[in-house]
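J.: Okay, here's what each chain looks like letter by letter:
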Amino acid sequence: MSTAVSPATAVSQAMLGRRSSTPAVVAFVIAAAIVALFGRSTPAGVDAVFGLNPGGFTQAVELPDLVIPAAPAIYVLAAVAAALAGGYLAWPRLRGGVVVGLSVSAFVVAFLVWAVQGQSLNLLGMLESTLLRATPIALGALSGVLCERAAVINIAIEGMMLSAAMVAVVVGSVTGNLYLALVAAVAVGGLLGLVHGVLAIKYRVDQIVSGTVINIFAVGATSYASARFLEKYMWLNNSGTLPVWAVPGLVKIPIVGPVLFENSLIPYLMLALVIGVHVLLFRTRFGLRMRAVGEHPRAADTLGINVWRTRYLSVLLGGMVAGIGGAYFTIGSVGRFDEVMTAGRGFIGLAAMIFGNWTPFGAFASSLVFGFADSLQTKLQILQVPIPSEFLLMAPYIATMIAISGVVGRVVPPAADGQPYEK
Amino acid sequence: MKARGLQAARAVAVPVLAVVTGLVVGAVIIVVTDLEVLRAWAAGPARWGAAAAATWHSVARAYGALWEGALGSPYAVSESLITATPYILAGLAVALGFRAGLFNIGVEGQLFAGALASVWVGYAVRGMPAAVHLPLALLAGAGAGAVWAAIPGYLKARTGAHEVVNTIMMNYVAFRLSDWLLNGPMKRPGPGGSPGFVPVSPEVLPSAYLPQLFAPPIRFHVGFFLALAIAAVVWWLLWRTPLGFELRSVGVNPSAARTAGISVERSYVVAMTISGALAGLAGANQVLGVDHWLGQGFSPGYGFDSIALALLGGSHPVGVILASLLFGTLRSGATRMQSVAGIPIDIITILQALIIAFVAAPALIRALYRLRTRAEAGPVLTRGWGKG
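Listed in order, the protein sequences are those of chains A and B. FYI, the numbering for the first sequence is 1 to 423, going by my numbering. FYI, the numbering for the second sequence is 1001 to 1388, going by my numbering.
Extracted from the complex, chain B is given alone in its bound form (with noise of 0.2 Å):
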């Protein structure tokens, strides 16, 4: 009993400190960016104390901001769940990718792809009640991020085309098919049906919303029971099921798995549908909980950010249910530390840089903080230009 208490403190000290590392650098980067600072320090070393004060009061402002906006009300903590729901979402698909040997990079284009179909379904298909709907809609979103990332898995299984390439590759195309979409035949139209002036889609009909519990402004949705539910399934799917144990087989070694009659190539397929399926219902609740319109902007990245959410969440459900949480609160904070503080909410992406190199490189975090720990294996992300 005692042993396992330590293996997971252990498992849980890496994440923990590589956040507290990228909060502590990200703080450095404040203060070093803050021209006010710099002048304080440079009045010479007679008001050295003043500059001191000045750099407190920085660092102090910027986090102070991040907190409040992230959970220093109901509405801020509404908006830090809502913000982690997609990420959970997100995350999963890179974590389930991982755990197959898959390095989804393109889950990004996939929550395009599940964005445009779900909203597609939620203003074009009328006249239906919300319980077929909303399911509806949701099932579209899932299948077009499903569709989006098979195809890079059926071209790694069948000829061997290395993933990360691919995934890219099928980004920049739903970034440009969803350009040509908003500005044609998915352009919402203007007033008296003469052709509209902004590149989005019509309102999402209220049947197919997600909905919300309670009064407006918060916005929070059932999308984020929905989200852990989904990682319920997805942990019983890969611990609890032969499916399961075939990706994670392949993921660990495919020589192996193929030697023991698994079809590795089967399993490329199915997990990049999978975790597709998972990247699309992440585009889809976030237009049927929040939005109810797509936009270009409407995803502020969170396909790119899941790949530190899987890394930082160990690849489990549960962490990638944790990292989310996290991330999701750094996000929305960051949003009003960049309008009360004017940090550029771009700050939230360099910690999440410095946190998967941390989280990535454990013995940068052992080296850092002089732990004494042996190093684990973690699961095998990738390998090559698909050798496998």
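Only chain A is shown next, with the shape it has when bound in the complex (with noise of 0.2 Å):
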């Protein structure tokens, strides 16, 4: 629990010298590495451009291009990863994750800056694309939160996802009606999470178990389905994809509108189910009930919870949301299904709900830092930056590890997690 250690301890705990030193360390070597890899091979006197306005017809008020001097910058962002580092040491009210943290996003803004050096880049179709590619991923990090907050681990939700995707794509193009899609989407994952529910809740198969049930059930079906009919019948693929709604007004702020305010339905649905799932977990009796049953069942019995139930309603909710975020890869973006699509999003929704401690906030804030290395990725290939892509594909997964291995901060699951209840 060394987030949650009051100002007294961190201080007391400095001065008697056991305050680990890893975090001024990474700081330092972040600084270090800013110079060496960056700074060096940066010629003074070429800048690197950000654009800050969409690509193409945008209703948004127009900004100038951000131009920043490369090499002075790279070297203000070493500087400010050293004096992070020294801070740490000098003050010790100042956070271990805090100071890793901003480092880490110095280095990236270094590599950025280093990146673009003599080219331009648009920053803004940059964000909008990290808020896109994090919505699938916040989806599914969100059905974990609903399941695991009432202690069933779902590990399912990629299963989930992979046959809401093609469940969507099918009844869109049988019916040409989007929106029906999206109904039979959320529909297959809920009924994917009470398949859970049962196999963990009433049969007590262990969860991961269950899960991996669900995720090789879903690719087996789905791949048998394309290649038997999809593949054959090219109509039943091709729904199209989910029209763009603008916001009237709020679509002119600058930089924020774009972003925001420019989307389809299943990005809207995700930001609203962001601050919903808080909403429910944190102020309603059912949100209380769940959280009750995912940290002392037992307890919660006691006091006249029903805790089967209460966990069913959970992985159905949980599996209705992972439905829309499956939804998401097809009727929400190309409008055709590919065999094994969803390429993993879902694990790393569920890396992305530990990383966010549990929490429907820190899960869509960290959906947005893998969204945000997804976009990196592809923008970098355009820059034609001298790294192979692979290696900027491995660094999402890497990052999780980095995550989930507790390096940013130590995260608790709820005390429950995975374990089954009898009476």
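Check each hint, because a few of them may be wrong.
To be verified - 20 Å max Cα-Cα, derived EDC-like pairs, lysine to aspartate or glutamate:
no. : chain 1 : residue 1 : chain 2 : residue 2
1   : A       : LYS252    : A       : ASP65
2   : B       : LYS1187   : B       : GLU1203
3   : A       : LYS232    : A       : GLU339
4   : B       : LYS1187   : B       : GLU1036
5   : B       : LYS1187   : A       : GLU390
6   : A       : LYS232    : B       : GLU1036
Calculated directly from the structure, the hints in this document are not laboratory data.
Starting from the two chains in their separate frames, assemble the complex, guided by the hints.
T.: Rendered as structure tokens:
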């Protein structure tokens, strides 16, 4: 519980010399790395240009491009990281997680400036794609939060999303109604949530095994249906995508407008659900029951809460949210289904949930980090940075491992997470 | 003696019924996704006789092709056995993890790491006699797999990070790494030293081949016996050595093991390392015994299937061998079923999911067949996010 250490404890720990010096070392290494990797290979007098307007038609007010002199910016960022290291040693109240987080951010910005020097990058386009790429990850993470707050581990998010993605595109193609397609995707997600519930709650199958069953089944069933039908009858696999709605007025705000208020239904739903799940968990009676069941089911049972019913409802809701996330892959973005197209986003969502400490806002914030890494990778391919794209594609996975290994700060799962409940 | 026989019968009943149920459900899926059969039934009650015949024909053609492709000829038998071989090794990898309370879902990535390392040793290390080259290539595969699995093992021991997420992440890192290697440093050069066109590795030198025992086209190779021998070693390790006792104790109850003076953290690292070595050998076996080069699609999902194998085989080496023979037969038969009857090979994946569900939830099978047996305690597989 190092995240909850009170300032007084932190001070006394520092005076006793027990405060870990690792964050300072990390920040120093980052400062040195910025100089060594980027500073030395950046000639003086070269600018990096960041565009702040979305490409193509837009309603937002135009902004001038951001022109940054590359070399000075990189050295300033290195100085910031070094100052953070020094500050951590000098000022005991500065938290290690903050120091590491800020110096990693400085590293990322320095990297961007280095990569863009002499060229220009549409920063706004990158922010837009960050939100879009974070959307399925965040929905997966919210699905995980809903299930695990009631102590059911849901590793089946990936399979739920994959199945929902396929059903959405088929229903959308057959009926021509994309909202019906979204409803079908939500239904499939909810159904698989209930299957997970029956296996894990009623038959007390190990929850991770039960989730694995659903994942393997989803891969098999969608690939089977795809090979048997979608490849032969192409019209089944051509649904079109949900239209983009601009929010009148708000969309005119520079930067924020195009990113947040010019989206299709699913990103809006995701943003609403982040808030909705937070309210559900922490402001409603049902949320209180969920958390009680997740932390101490026996006590909850004694107080008259129906543990099983609460858990069933939680996995049902969680499955439905994962269903929305799955629909994003087809009717939300490309309008067609490809085998195994979720490509591990469900697992990344799971990691975002852990990274976000089982809270909706935390999960959303870490999904943005993964979304950013994802969109950075595609932009860098365009900028022709001399790093193989495969290594950039690895970055989010490695970041996940670092995140869940608690380098950024210890995370605490619900106390009864993963344990079946018997009366 | 009699009680023991009864116990054995009970232990076998659930997996056997799970497989049978899986095949029945598979038949149902084949039928309800066969448009001709559906049209026949839709033709009205007067034609129901013909519809029933069409239904029977559909299933018989599919499962007939499955049988023929699996065991219908010496070539088919050999193909089934060489498909079973990586399954045995990969299944042992998952089973050993289960016994130590770890869910190694990263066998697929470890398999890739192992295959990359052994294929590299196989083509790049030149001028060695087979007696040195082959063992070296196998060891490289085992070593790479071990390293790939030891990282999540170490992270779990050190920080409590759950191995399920970390091994999945290591899978993706391995896939991207092999994409890069096969498109870059390990890409097969084109004719006359020009850059190659296809992302595949160069051919392994014959001195690193696992010897094939019959004349082509029969590809049966000694890797099968190697896998059986390694299964015996795993059995001996788990049930006849102090290390195995420690691993199993940690698997059954980590807090009790800790109280008894066993280092749970060390056990996690050791178990993951051995598990990864087995997975790496599975990859090495495939490239050195069958393919003799490495392409991105060299594994049809051996690593993911191995989870089903370990569960079906009760995480026991003998069970894993039997389950692997079954899955090897099914997968190699399904290839023919795909070409003859047009049933996508993915039906095997659906069968696997059903079989794991039935094996992991014995209560389901008992309810289905009204078996009256006591619920016996299986090994504890996983527990939460690494609070063990």
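J.: Each hint needs a verdict: does it hold in this structure or not?
T.: Against the structure, the hints come out as follows:
no., hint, verdict
1, A/LYS252 - A/ASP65, "17 Å, holds"
2, B/LYS1187 - B/GLU1203, "11 Å, holds"
3, A/LYS232 - A/GLU339, "14 Å, holds"
4, B/LYS1187 - B/GLU1036, "46 Å, violated"
5, B/LYS1187 - A/GLU390, "15 Å, holds"
6, A/LYS232 - B/GLU1036, "15 Å, holds"
Violated hint for the displayed structure: number 4, the only one.
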